[in-house]
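Number of protein chains: 2
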Amino acid sequence: MTASLNLNPSKLAMVPFVSVDNMMKIVNTIGAPTMIAEIAEYVEADFLRWDQFDKTPRVAAHSKEGVIELMPTSDGETYGFKYVNGHPANMARGFQTVTAFGVLARVDNGYPVLFSEMTILTALRTAATSAVAAKHLAPKNSKVMGMIGNGAQCEFQALAFKEVVGIDTVRLYDIDPAATEKAVRNLANSGLTVITCKSAEEAVTGAQIITTCTADKQCATILTDNMIGSGIHINAIGGDCPGKTELHKDILLRSDIFVEYPPQTRIEGEIQQLDDDYPVIELWKVISGQLLGRVTDNQITLFDSVGFATEDFSALRYIRDQLERTGHFVELDLLADPDDPRDLFGMVQRAYEN
Amino acid sequence: MTASLNLNPSKLAMVPFVSVDNMMKIVNTIGAPTMIAEIAEYVEADFLRWDQFDKTPRVAAHSKEGVIELMPTSDGETYGFKYVNGHPANMARGFQTVTAFGVLARVDNGYPVLFSEMTILTALRTAATSAVAAKHLAPKNSKVMGMIGNGAQCEFQALAFKEVVGIDTVRLYDIDPAATEKAVRNLANSGLTVITCKSAEEAVTGAQIITTCTADKQCATILTDNMIGSGIHINAIGGDCPGKTELHKDILLRSDIFVEYPPQTRIEGEIQQLDDDYPVIELWKVISGQLLGRVTDNQITLFDSVGFATEDFSALRYIRDQLERTGHFVELDLLADPDDPRDLFGMVQRAYEN
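Read top to bottom, the protein sequences are chains A and B. For the first sequence, the numbering used here assigns the number 1142 to the initial residue and increments by one for each residue that follows. For the second sequence, the numbering used here assigns the number 1142 to the initial residue and increments by one for each residue that follows.
Rather than coming from a laboratory, the hints here were simulated on the basis of the structure. The structure displayed is predicted, hence computed values, not measured ones. Some clues are possibly wrong.
A pair holds if it fits inside one copy or across any two, identical chains being indistinguishable in the list.
What the hints assert, rightly or not - Using 30 Å as the maximum straight-line C-alpha spacing, the simulated DSBU-like pairs for lysine-lysine come out as follows: (1) Lys1152 to Lys1166; (2) Lys1426 to Lys1205; (3) Lys1166 to Lys1281; (4) Lys1152 to Lys1205; (5) Lys1284 to Lys1152.
Required output: the full structure, derived from the provided sequences and hints.
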């Protein structure tokens, strides 16, 4: 018994761990477009049962360099949380601006059932969520997406909109041409027509959907009012913390604004520029058919995305369901599991007697 | 470059992980009594710089079966949090009532620097904290401790009080004689005189210190007023959540009450039985010399322990400092670290080309 505790901890003590390497293997096994589309189904399914979730504001620890956040949620059966940092100065120092990991646990006994990297997974779920929103809000038969900001999110968004919304063309612009070149290279075999543009104005020309995903800008104005024609769907990703916005306020005033969770978006999203009671529409109500999304051809719809805990939960739930299918995980000996729960000390004391 | 990402992720991507097996090895390498005494030094050092810590209430997700909590804190340089569950019905189903794990991270860039099991570590830090409190509050030259409740915390507490406070005798009582027998067996070579008692009254006879660490009781009365003579120090461990207390209210009214963090203890500790403005003394103020602890020989002192985030932080900080000394950890590939932070997609895409 004692030896088996060490060399072969009981099944109860083990928690599946998906490392970065494993996550890359999962993406490459399933294929990024398929995986994003499948995560989109999980995100949509969880938006459809919105009322079942405990929705807690993030727990943030702010410092002068950045923020570390815990984002917990629960559907009553499964509990999940994500640890995520945001440090704008990291990139210049050779670190990632955002890194993340997450946990799922059983509500009935509190035992973790999954521990996973979430830097890559967050990129996948953010793109999946944008595509779910666009499926309900963008003009029917949208084929062209303008993308302003060609950083870490760019390719994930492009693939999500191809797979879930059905676009066939992306028009790319970034203030740094090297970022655009990187995206062109990475999308070479995606099946998308990729057009490089010299300005934001050029990128949005002829597009039915505009995605803004710039980073490291404080209250920038990526899009101005004159760039936005009628009937456009705007997928605003980059404005996601206090003091960080991408769109001119006049665009917001012309748009119907759809958000994940109003209490969080009013602090972090584009709508931090508006009054606290400015009317916004909760995305889950559109997905569940309680409210209408796009109703006219010339309406401007805006998804003011900041990322919400339920989306991380959906993505973790998806990964848990892929463990057997892909086999890309290891078991971590994370939970002490003495034969007699009252004998924790004895377990430690006798661990190496043999 | 690409192959090295997978087979040998950069140092930045790796986070040291202390599994249950590694934690047991660390305890056995250092020795439980020494390790508890060393953790006590870290706990005491952090109580001395109390003002430096961000003190957030726990973030709790309650269900009918139990609770899952996140306990974050930060000293401005290092951030830490613990995940811990409490499920009273778990033991009957073959699971641990409490399991835990924790993380330390750098505040300046948000990168995790330690991921560790904390079921065993919490037992060590709880005992260490009790001993630190008793060092400042118990009668000088206390030699005998009565222990009511001989479950998972019992031996850790006994060793902590021997090592840090200097007791030489423990008097054990539990409603289940098997629990007491287990503790007697585990303490056989501890150097303590261990006396088995048939009642709580017998266990406290002649003791200068009384430790109550019962579990799974809702508002029980382990100690009644007539059992408590003058001059006693009470170390009350078991009452640590709403609706869970161990001491009769009359004992509280006769005692000077010392607590970790009043906003949390008023909800979770023995003092949930008292008015919200009942005077209590913050332990850190005694440790730092700002307030007096024990002032007379016949005073009853009560440490109403519930466990606070800074203590977990201290314990994790200690473990991080033992990594090199003991070598008992593995590196987890937890953080995505592309050569170009904007090229997360390319990292994933090219991961298995070679």
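Now the hints, each set against the structure:
1. Lys1152 to Lys1166: Both. Shortest intra-copy (24 Å) and inter-copy (20 Å) distances satisfy the 30 Å Cα cut-off.
2. Lys1426 to Lys1205: For Lys1426 and Lys1205, the Cα distance is within 30 Å only across copies (28 Å; inside one copy 37 Å).
3. Lys1166 to Lys1281: Neither way: Lys1166 and Lys1281 sit 35 Å apart in one copy and 61 Å across, limit 30 Å.
4. Lys1152 to Lys1205: between (43 Å within a copy, 25 Å between copies)
5. Lys1284 to Lys1152: neither (49 Å within a copy, 43 Å between copies)
Of the hints listed earlier, those the structure fails to meet are numbers 3, 5, in rising order.
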